[in-house]
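Chains A and B supply the protein sequences, listed in that same order. Taken in order, the first sequence gives residues 121 to 232; the numbers are from this note's numbering. Taken in order, the second sequence gives residues 20 to 262; the numbers are from this note's numbering.
Hint data in this document are derived by calculation from the structure and do not stem from the laboratory. Every residue gets a Cβ at the ideal spot worked out from N, C-alpha and C, and that includes glycine. Honestly, I wouldn't trust all of these hints.
[What the hints assert, rightly or not] To list a few chain B residues with every Cβ distance to chain A over 12 Å, as calculated:
#, residue
1, 29
2, 91
3, 164
4, 173
[What the hints assert, rightly or not] Computed far set for chain B versus chain A, every beta-carbon distance over 12 Å:
#, residue
5, 54
6, 160
7, 213
8, 220
[As the list claims (entries may be wrong)] As a list, the in silico SDA-like pairs of lysine to any residue whose alpha-carbon atoms are at most 25 Å apart:
#, chain 1, residue 1, chain 2, residue 2
9, A, 145, B, 30
10, B, 82, B, 208
11, B, 35, A, 196
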Amino acid sequence: MSQTMQSAPPKDPLTIAEEWLKDGKEVAIATVIETWGSAPRPIGSHLVINKDGLFEGSVSGGCVEGAVVTEAADVIADGKPRLLEFGVADETAWEVGLSCGGRIKVYVERLG
Amino acid sequence: MWSGWADIMDPHSLTKLNQCRRERRAAILLTDLGDGSDRVIVEGDAVDGALGDAVANAFRSGKSGTREVDGRAFFLNVHLPPPRLVMIGAVHISQALAPMAAIAGFDLQIIDPRTAFASPERFPNVRLDAEWPEDVLAREPLDAYCALAALTHDPKIDDPALTAALKADCFYIGALGSRKTHARRVERLTAAEISSASIGRIRAPIGLAIGAASPAEIAVAVLAEIIEALRSRGVGAERGKAA
Numbered sequence: 121m122s123q124t125m126q127s128a129p130p131k132d133p134l135t136i137a138e139e140w141l142k143d144g145k146e147v148a149i150a151t152v153i154e155t156w157g158s159a160p161r162p163i164g165s166h167l168v169i170n171k172d173g174l175f176e177g178s179v180s181g182g183c184v185e186g187a188v189v190t191e192a193a194d195v196i197a198d199g200k201p202r203l204l205e206f207g208v209a210d211e212t213a214w215e216v217g218l219s220c221g222g223r224i225k226v227y228v229e230r231l232g
Numbered sequence: 020m021w022s023g024w025a026d027i028m029d030p031h032s033l034t035k036l037n038q039c040r041r042e043r044r045a046a047i048l049l050t051d052l053g054d055g056s057d058r059v060i061v062e063g064d065a066v067d068g069a070l071g072d073a074v075a076n077a078f079r080s081g082k083s084g085t086r087e088v089d090g091r092a093f094f095l096n097v098h099l100p101p102p103r104l105v106m107i108g109a110v111h112i113s114q115a116l117a118p119m120a121a122i123a124g125f126d127l128q129i130i131d132p133r134t135a136f137a138s139p140e141r142f143p144n145v146r147l148d149a150e151w152p153e154d155v156l157a158r159e160p161l162d163a164y165c166a167l168a169a170l171t172h173d174p175k176i177d178d179p180a181l182t183a184a185l186k187a188d189c190f191y192i193g194a195l196g197s198r199k200t201h202a203r204r205v206e207r208l209t210a211a212e213i214s215s216a217s218i219g220r221i222r223a224p225i226g227l228a229i230g231a232a233s234p235a236e237i238a239v240a241v242l243a244e245i246i247e248a249l250r251s252r253g254v255g256a257e258r259g260k261a262a
C-alpha cells in the first residue's frame, strides 16, 4: 500500500542544469530576483538554458522566455552576467508579451 | 569575502545546493549581484553580521529576495524542504486535517497499523502506510521539516512515533489527549529515559486553544499550531542564545 499514491516528481531546472554540466554542455541559469505587481512566477524561479538552445523551467510562465534564452546565449559566450528587466512600460517587453501588467527583474549567469 | 568565482556561477555551488535539496536540508544560494560570485549556505552554518541576520530571516520566512548589506546587493534564493505532515492515526480528525493541510501546501503521510482505519476509501488521495510507525519511520526517517501529529490515543502506536519525532527534531510535535492522558504519557517517556526538555517540546493537549469542538475544528486548531511552529522556527533558539 505504501507509496502507491506517489509518482516520481518531474525533474526540476537546477537538477537538469547539473546533468547538462556533467555531460559537458555549457549552461546559463536565469533567476527571477525581483517582481512588481502581478508577476506570474515568484522570486527565486529558474530558467536554465544550454548552448544547444534547450531550456527548462520558467521565469514568467511563457511571456519573456524567448528573450531570456536569446540573452543567455550571449552570457554563455562571454561569461558576463546580465540583469534583465521586463515590464509593460518597456517597449521590448511589450513585444515579447509580458502583458499581465507586472514587471520582473531576471539575473542571468553562466554556470562554470 | 570568500573564494568564489567572479561573474560566473561556481558549479560546486550548484552541486552542493542540489545535494542539500535531495537530502531535505535547508539551504540558501547567495549571489553577490555586484561581482556575480555565489556560495551555498546550509542552515546552521555561521554567518556573521548584518548578512547573518538577513540569512537567518530568510531561513525563517522561506522568502527569497534581494538584500542590501554594507552597500552591496545580495540575492538570497531560499530552498527549504517542502514541509511534511505525518499523522499517526487514520482517525476522524485526520480525515479533516489531511485535506486542510494539503490545501496549505504540506506533503502528507498517514501511518496507522490498523487496516480498518487506514483504508483508501476513508482517505482518498492521501499517502497511507498501514504499518507500525517504528517500521515506516525506520525506513523513511523524519527530519526537521516534518511535523508529527500523534492522534490515535493508543500508546503502543503513538509513543514510538513521538520518540522518533523528538530524536529527529521535527519542527512540530503534537499529541492528542487530555492533560491527564498527557501526564501518563510524560511518565512513560520519562521512564524510557527521554529528557524532560525533549518531552517539553510535545504540544499537548494538541492544537491552539480556540475552543475547538468537532473533529474538523480540532483539525483547524492543529493546523494553525503547525503553521505557527513552522513560521517561528529558530526564534526561540536564538532568544536562548542571546540570553
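To see whether the hints hold, each was checked on the structure:
At the 12 Å boundary, the C-beta of residue 29(B) falls inside the reach of chain A, the nearest C-beta of that chain being 7 Å off. Listed as a non-interface residue, residue 91(B) keeps its Cβ farther than 12 Å from every Cβ of chain A; the least gap is roughly 14 Å. Separation of residue 164(B) from chain A is adequate, the least Cβ-Cβ distance of about 16 Å exceeding the 12 Å criterion. Chain A leaves residue 173(B) outside its interface by the beta-carbon criterion, the shortest separation being 20 Å against a cut-off of 12 Å.
Residue-level check failed: residue 54(B) sits 9 Å from the nearest beta carbon of chain A, not beyond 12 Å. For residue 160(B), the condition that its CB be more than 12 Å from all CB atoms of chain A holds, with the nearest at approximately 15 Å. Every CB of chain A lies more than 12 Å from the CB of residue 213(B), the least distance being 28 Å, so the non-interface label holds. Every beta carbon of chain A lies more than 12 Å from that of residue 220(B), the smallest distance being close to 28 Å; the non-interface claim holds.
Taken as a hint, the residue 145(A) and residue 30(B) pair is honoured in the structure, with Cα atoms around 12 Å apart against an allowance of 25 Å. Between residue 82(B) and residue 208(B) the CA atoms are separated by roughly 37 Å; this puts the pair beyond 25 Å, and the hint is violated. As the CA atoms of residue 35(B) and residue 196(A) are separated by approximately 22 Å, the hinted pair is consistent with the 25 Å bound.
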